[in-house]
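Please work from the sequences and hints to get the whole structure.
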Amino acid sequence: MPSRLDLADSVVPVWRTTNRITVFLIEHLPAKQVWSVR
Amino acid sequence: MLLAAWRTNNRVTVQLIQGLPAALWDVPVPGEPRRTIRSIAAHLHNARCMWVKTLGREHGVTVPTRVDQRRVTPRQLVAALKPSSNGIEALLKLGLASGGRVPPSRAYVWRNLSLDVGHVLTYFVAHEAHHRGQIIMVARQTGHRLPKAATNGLWQWKTAASAIR
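Same order as they appear, the protein sequences are chains A and B.
Following the numbering used here, the numbering of the first sequence begins with 4 at its first residue and continues without gaps.
Following the numbering used here, the numbering of the second sequence begins with 559 at its first residue and continues without gaps.
Since the hints were made in silico from the structure, they are not lab data.
Just to be clear, a hint being listed does not mean it is correct.
[As the list claims (entries may be wrong)] Pair by pair, the computed Cβ-Cβ distance ranges are:
1. Pro662(B) - Ala11(A): 24 to 30 Å
2. Thr25(A) - Pro662(B): 24 to 30 Å
3. Ala34(A) - Glu616(B): 44 to 50 Å
Every residue, glycine too, gets a C-beta built ideally from N, C-alpha and C.
Here it is in structure tokens:
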């Protein structure tokens, strides 16, 4: 059974990666063309 | 825990495919008429096959058989998703048995993915969620309201995980 520290070491960086990818996408969406598209 | 999370993801994917009305299967993606809901659904399985082949074959993981994205039926795809889920699970087990990282392989040349098991799992889950969302979006855009059988399980992650234990 992994220790609490092991889990934090492995899971928190993974979360940071998914957050970075989300932020990257939002930052690079063309505002005029995409942001208000219905 | 990691294997259970993958199994839950697989279950959610399978439930979506099982719940899709047959009439939706050949609906083209707006703006991309060569792609259909069938081809997106088939890609879920074929992408698993590709990753198992790339990361696992040279370490002894059995590579599942791909499906034909233009001909596969929902029933055939659901059947195929079982061995491909097992293949992904074998990759994760390989990583867990190797100090938490899937070992390097010569076939892996794209190198877009960190091979610690947490990133590998999350990447595969994110990939499937992305395409499940595409299927739902295409259905809505083309005027098809999905039945509850298809949508009810999408966010029932606790229930799915509990049912596996």
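The hints, checked one at a time:
1. Pro662(B) - Ala11(A): 24 to 30 Å: Cβ of Pro662(B) to Cβ of Ala11(A): about 25 Å, so the range 24 to 30 Å holds.
2. Thr25(A) - Pro662(B): 24 to 30 Å: With a Cβ separation near 28 Å, Thr25(A) and Pro662(B) satisfy 24 to 30 Å, so the hint holds.
3. Ala34(A) - Glu616(B): 44 to 50 Å: Roughly 45 Å apart at Cβ, these two residues keep to the hinted range, so it holds.
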